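A.B. asks: The primary structure of each chain is shown beneath.
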Amino acid sequence: MSDVNISKIEFSKELSSFIEKWKNKQGNLVMVLHKVQEEFGYIPRQAAIKVSSLLDTPLAKIYGVITFYNFFKLEKPGEHNIQVCTGTACYLKGGIDIINELEILLGIGVNTVTDDGQFSIQSVRCIGCCGLAPVILIDGEVFGKLEKDQLPEIIAKFRDR
Amino acid sequence: MATKTREDLGKIREDHKAGMVLDNNKEEKNIEIIVGKGTCGIAAGADKTFDAIIKEIEEKNIKNITVRHAGCMGLCYAEPTIKVIIPGQPETLYGNVDSEAARKIIERHVIYGRQVESLIFNKPAIDILSEEKDYNSDYKQYRIVLRNCGVIDPEKIDEYIARDGYAALEKVLFEMTPDDVIDELKTSGLRGRGGAGFPTWMKWSFSKSVKNDKKYIICNADEGDPGAYMDRSTLEGDPHSVLEAMAIAGYAIGANEGIIYIRAEYPLAIKKLEIAIDQARDYGLFGRNILGSKFNFDFEIRLGAGAFVCGEETALIKSIEGDRGMPIPKPPFPAIEGLWGRPTIINNVETLANIPVIINKGGDWFAKLGTAKSKGTKVFALTGKIKNSGLIEVPMGTTLREIVFDIGGGISGGKAFKAVQTGGPSGGVLTEDFLDTPIDFDSLVAVGSMMGSGGMIVMDENDCMVDIAKFYLEFCVEESCGKCAPCRIGTKKIYELLDKISKGEGEIADLQKIKDMGNAMKKASLCGLGQTAPNPVLSVIRAFEEEILEHINDKKCRAGKCKDLVTYTIDKDKCIGCTVCARKCPVNCIEGERKIAHEIDQSLCIKCGTCFEVCKFDAVIVS
Chain W
5 MSDVNISKIE FSKELSSFIE KWKNKQGNLV MVLHKVQEEF GYIPRQAAIK VSSLLDTPLA
65 KIYGVITFYN FFKLEKPGEH NIQVCTGTAC YLKGGIDIIN ELEILLGIGV NTVTDDGQFS
125 IQSVRCIGCC GLAPVILIDG EVFGKLEKDQ LPEIIAKFRD R
Chain D
138 MATKTREDLG KIREDHKAGM VLDNNKEEKN IEIIVGKGTC GIAAGADKTF DAIIKEIEEK
198 NIKNITVRHA GCMGLCYAEP TIKVIIPGQP ETLYGNVDSE AARKIIERHV IYGRQVESLI
258 FNKPAIDILS EEKDYNSDYK QYRIVLRNCG VIDPEKIDEY IARDGYAALE KVLFEMTPDD
318 VIDELKTSGL RGRGGAGFPT WMKWSFSKSV KNDKKYIICN ADEGDPGAYM DRSTLEGDPH
378 SVLEAMAIAG YAIGANEGII YIRAEYPLAI KKLEIAIDQA RDYGLFGRNI LGSKFNFDFE
438 IRLGAGAFVC GEETALIKSI EGDRGMPIPK PPFPAIEGLW GRPTIINNVE TLANIPVIIN
498 KGGDWFAKLG TAKSKGTKVF ALTGKIKNSG LIEVPMGTTL REIVFDIGGG ISGGKAFKAV
558 QTGGPSGGVL TEDFLDTPID FDSLVAVGSM MGSGGMIVMD ENDCMVDIAK FYLEFCVEES
618 CGKCAPCRIG TKKIYELLDK ISKGEGEIAD LQKIKDMGNA MKKASLCGLG QTAPNPVLSV
678 IRAFEEEILE HINDKKCRAG KCKDLVTYTI DKDKCIGCTV CARKCPVNCI EGERKIAHEI
738 DQSLCIKCGT CFEVCKFDAV IVS
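So the sequence lines, in the order shown, correspond to chains W and D.
Our numbering numbers the first residue of the first sequence as 5 and each following residue consecutively.
Our numbering numbers the first residue of the second sequence as 138 and each following residue consecutively.
It should be emphasised that the hints constitute simulated quantities derived from the structure, not laboratory data.
Hints may contain errors.
Below, computed lysine to aspartate or glutamate pairings styled on EDC-like, alpha-carbon distance capped at 20 Å [stated by the list, open to error]:
1) D/K744 - W/E151
2) W/K25 - D/D415
3) D/K552 - D/E598
4) D/K524 - W/E151
5) D/K744 - W/D153
6) W/K29 - D/E394
7) W/K39 - D/D460
8) D/K744 - W/E107
9) D/K408 - W/D143
10) W/K97 - D/E750
11) W/K65 - D/E458
12) D/K700 - D/D604
13) D/K552 - D/D604
14) D/K630 - D/E644
All figures in this text were calculated on a predicted structure; none of them were measured in a lab.
Could you build all of it, start to finish, from the sequences and the hints given here?
C.D. replies: Structure (structure tokens):
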């Protein structure tokens, strides 16, 4: 395969200097991918290609690492990614009902994005707020002791933020 | 901020002991309000509470008062929580303190000196004893690991130092040899708190005995068990305790590099760690020639990325090495040949948090607590259908009954206790018959479960045990790395059988198939994930055979959870035709005119249970 298609994707100064700092550290791949996802919200293929070139690591290896770890996304999530915790305590206290209700309210399934690109739903592993089960996370904000009828208001709060 | 000497640290401790209101008998002290700001607290609105308190103090012009924030106090079911400490009065712990409640507390308690009865949380407060005082069995909880959580501000290193922080590191560097340190741990009897319960001193001595110019200390902060958050709270509330312990470990085995492998899902804990490391470096407590000794030690933080299997030692190492986190066969054990082939000690957060206290107070002191083979205390995340859901720390040997009913307050909603699950996806369920089992590593294994990392989930009559077994298996199916056949295939096959059973399509032969596959997985899987994945389902088959047989033979789910086995009908005698259910039904399958009894069209019903939830007349029957 040719390496002519080195991507035209732009990395911010912060991301570039992070990669520069970590370039010569052993085992840098996971940390670099975290920073890439922090910047783009997911890991675009073009970004992976650029990382492959900067770290001198085969793209296949990068793909293998991205797909192994739950945290890394290959597809762009919505502007506001709604993460519903499906740990044991949240499961017992109705976490799945919350997911079902969100699917009905937003008209999309898990791991898909609404047509206007505003929202996506993701079921995530235990985030450690079990005392407040069931819990969802939107844009880093935690909502606990959630009930289904609180959802429309919460969604409205984030829409067009 | 400059490098500190040992004398400097001593002075900080003296100065701060005078200023820190830990003993209520000092009259010149300020009034103190502490607001718990762990992740749960913030989620419940602790930031707003903090602001409301500051505002009220400014408006009412109250002097001689300090407001601080601290980590999680462990009362997760009542967040936001605040502690009011007025000199000469007992400490008062308040729960569910929103902005309104905060104003009330300032007005009534702080200004007029009268507690706000309705908001007080007495029981946990009088239940808890801190390690500063000797253990007294009148108290159900004894805080060693959580000693500083909810007490100090984790972003102020001086507050940690004031409470004997880094005194253990000083003692180790200047008064003890590496062998002394390991001996002290041996005396203490400390066993790993991550789940395996391996004697900590032994692991350290293995690494110490290997000659290598580079060794590593890794803190396993991957806390992947769903329902467990002991490590998160410890790192958010008292990050220095872990850092100090890692440096002590480094001294003992001959390592100069510490790595904290922490899951990416804990952003607040990561931030607190970064701040703590910076502040400690600034003081010269980490880096080269610590406190004037010849010892060097420094840290790096590495993030996990959402893989449960990376809590396993060899997978964790692979992850740090930048690979897919797939375990490798042991031996070689990481203690001998670990990260980059070097001797590596991997210890759990909770194990580490015990170390400074063991060094300061002595292994003998620690060994007085707990049972014969399980010394010290254990932190549990008590969650599920329990009234007082939260983080507790109890001496080993406390019974499950005491935890669930005394500390936990019993089942919420007046329902009946069904089972308690310990050990997460590697553990088992325990029924009422086993409630008097004392908690320790060996006794829990003897009754078919295990300690695990500390997640303790309480279930009531409305929880279906087939459903729970299915939940844990589904988790293992997704988290299996796929490398070895027993786990990759076994988890999936057992899950499929449970799924069949939950849909009323199970056969008796399925149970034997599950047992056979489970036993094969236990013997032949490459790592702990596969070896322990069958535990929940095997324990459910042992303890709840009747319930499973009901699913198979009678196609019945007594808890009403397995949707395919449940039918929702409307009792015509109770229904008054208020139309609420019909309006709320997401698939419009309820027919009926106003004031006439309604009916559910079974062919359209999706068993979501909404009608059951909204009916105020108990007219919806679940069968």
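A.B. asks: It remains to establish, for every hint, whether it holds in the given structure.
C.D. replies: A quick look at each hint next to the structure:
1. D/K744 - W/E151: 18 Å, holds
2. W/K25 - D/D415: 18 Å, holds
3. D/K552 - D/E598: 7 Å, holds
4. D/K524 - W/E151: Status holds; Cα separation ~18 Å.
5. D/K744 - W/D153: 18 Å, holds
6. W/K29 - D/E394: With a Cα-Cα distance of about 14 Å, the restraint between W/K29 and D/E394 holds, given a limit of 20 Å.
7. W/K39 - D/D460: 17 Å, holds
8. D/K744 - W/E107: Between D/K744 and W/E107 the Cα gap is close to 16 Å, so the pair holds against 20 Å.
9. D/K408 - W/D143: Holds. D/K408 to W/D143 sits at ~17 Å (cutoff 20 Å).
10. W/K97 - D/E750: 14 Å, holds
11. W/K65 - D/E458: Given that 20 Å is the threshold and the Cα spacing comes to 13 Å, the pair holds.
12. D/K700 - D/D604: 10 Å, holds
13. D/K552 - D/D604: 19 Å, holds
14. D/K630 - D/E644: Given pair D/K630, D/E644 holds - Cα atoms ~15 Å apart, limit 20 Å.
In the structure shown, no violation is registered for any of the earlier numbered hints.
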